[in-house]
Amino acid sequence: MGWDIDYLKRKYLTYSAWFLIGVIFFRFVPSSKFGRPIGRVWTANISNHFFKIPRPARLTIGWLMVLGLIFGGAFGFPENQESNYRDRGSKHHRAIQWHIICIGLFFQQAIGMFSAIGYSTLSSSKVLKTRAGYDLFNWIITLAKDFLSQSQTATAFFLNDYIVAQKFFLLTTLPAIMFFIAFVQLCYFLGVIQWFLKKFAWFFQRVFTISGCEAISVTATPFVGQAESACLIKPYVKDMTNAELHALLTAGFSTVSGSTMLSYISLGVNPVHIVTSAIMSIPSAISISNMRMPEVETPLFANKVVVDRGDLEYTDRGNWILAFSNGAKLGIYIAGLILTNILCVLGLLYAFDGFLTWIGRSFSIHDPTPLTLELILEYVFYPISWLMGTPKADILKVSKLMGIKVIANEFVAYKEYQAMQASDDPFTRRGGTIAEFSLCSFGNIASVGIQIGVMAALAPTKRKEVSSLVTSALCCGIISTCQTAAIAGLLS
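According to UniProt numbering, the residues represented by the sequence shown are 1 to 492, in order.
Hints should not be assumed to be uniformly reliable.
Here are the simulated EDC-like cross-link-like pairs (lysine to aspartate or glutamate), alpha carbons at most 16 Å apart as the crow flies [said to hold, decoys possible]:
| hint | residue 1 | residue 2 |
| --- | --- | --- |
| 1 | K464 | D135 |
| 2 | K145 | D135 |
| 3 | K238 | E465 |
| 4 | K238 | E297 |
Since the hints were derived computationally from the structure, they do not count as laboratory data. Keep in mind the model is a prediction, meaning the values are calculated, not measured.
All chains, please: the whole structure from these sequences, using the hints.
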């Protein structure tokens with residue numbers, strides 16, 4: 001049957017079929033018949049000779065193999081009209097605006113020093129002499145958190161305080177999103193958002209040379225959240241360029257929101273690190289997104305600061321009650337899309353995890369460490385953890401936490417981090433700082449569902465563009481958070 005598959009038109013069906021045949025073969029054929037003889041040959045001819053080589057030489061060979069795999073994956077595939085070698089890292093490498101990269105890195109480093117990374121009651125570090133930046137940003141974030149928490153009081157009206165206090169996603173995040181969207185629609189009716197958009201456009205055009213829509217949504221992300229920040233520019237999302245959309249998505253994946261910070265702090269995570277990381281990742285997200293997806297179109301607010309209603313629904317003014325009611329209706333629609341997308345994305349993820357576990361058992365990879373995406377990412381993130389400057393004793397632990405964050409979420413990762421801290425082998429001070437910073441973002445699979453759901457509701461005509469950009473934005477957001485963690489390790 002396997003040889004007949006070669007006649008199929010699509011070669012990937014052949015590879016898939018042979019892969020499944022191999023899985024079935026190794027699942028039901030005893031490993032002693034094939035695995036042990038192969039293992040003896042491998043040990044006698046390769047393994048024994050390899051470990052006779054001095055350790056520095058073995059490490060050199062290992063790194064050469066890794067680099068060969070990386071460059072082979074990047075340049076080993078043939079070029080085509082849509083993807084050539086120069087575009088493997090950036091969509092339009094000639095359009096990169098390098099001054100944005102420099103300004104973003106400058107602001108990220110400056111915010112890190114201004115926000116008192118090294119200042120902590122839990123640490124004796126004297127790297128920084130002030131916490132004025134932390135106090136300022138913490139005041140803004142606390143204001144946003146307290147405002148969004150009013151939705152929890154309203155939720156308790158329908159249920160009770162005990163159920164709301166359990167912090168279920170369905171009863172905390174979604175009501176906050178619905179309430180915030182209704183409030184934003186009211187602000188649009190009153191002209192408040194338009195005023196802020198105009199001011200942000202003026203400032204960022206002169207500093208970062210990015211558009212006003214991109215500026216106000218990206219900079220608002222650490223205060224209100226990835227879903228709510230897009231709602232701030234709801235009438236203009238349909239007119240955003242691919243580069244602007246990519247920057248908006250990247251910012252959402254690179255930081256957290258003021259409404260979720262309290263839950264991390266309640267676990268015992270250093271509040272200085274949470275607040276500082278959330279702010280530092282924004283200029284980094286702007287820079288990295290510009291490198292990956294430079295602007296090649298003309299944004300709506302590129303060369304002029306003119307802000308209007310931007311949507312036909314605002315031509316009939318009505319009154320503020322009608323505007324708030326319409327916002328509540330939109331909030332229900334967006335919350336429903338978010339819930340559905342998260343459910344489907346996580347369901348697919350867990351199904352794939354189950355398939356990997358089944359394959360792992362065929363190769364005797366089972367409890368207590370079954371083969372899962374989390375286990376795979378633990379080793380994928382190992383070199384990234386090393387590059388962030390993590391102390392040697394903490395490299396594998398940090399990479400494991402990063403894998404948990406991507407597959408589950410940052411809250412689960414922080415809980416695991418606290419368990420590691422309470423164990424007999426806690427993090428070093430610098431390793432703990434890097435771990436806390438590297439986990440402080442919404443860069444996970446579930447957030448992909450949130451972003452797609454929100455953008456599809458705000459701009460149905462942009463669904464195709466968002467679905468094609470979201471994976472790239474997720475990777476850029478994770479890189480942005482890792483860059484923030486590296487700077488935090490440098491300053492701690």
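Do the hints match the structure? See the list:
1. K464 with D135: 41 Å, violated
2. K145 with D135: 15 Å, holds
3. K238 with E465: Measuring from Cα to Cα gives roughly 11 Å; hence the hint holds.
4. K238 with E297: It holds: about 14 Å lies between the C-alpha atoms, which stays within 16 Å.
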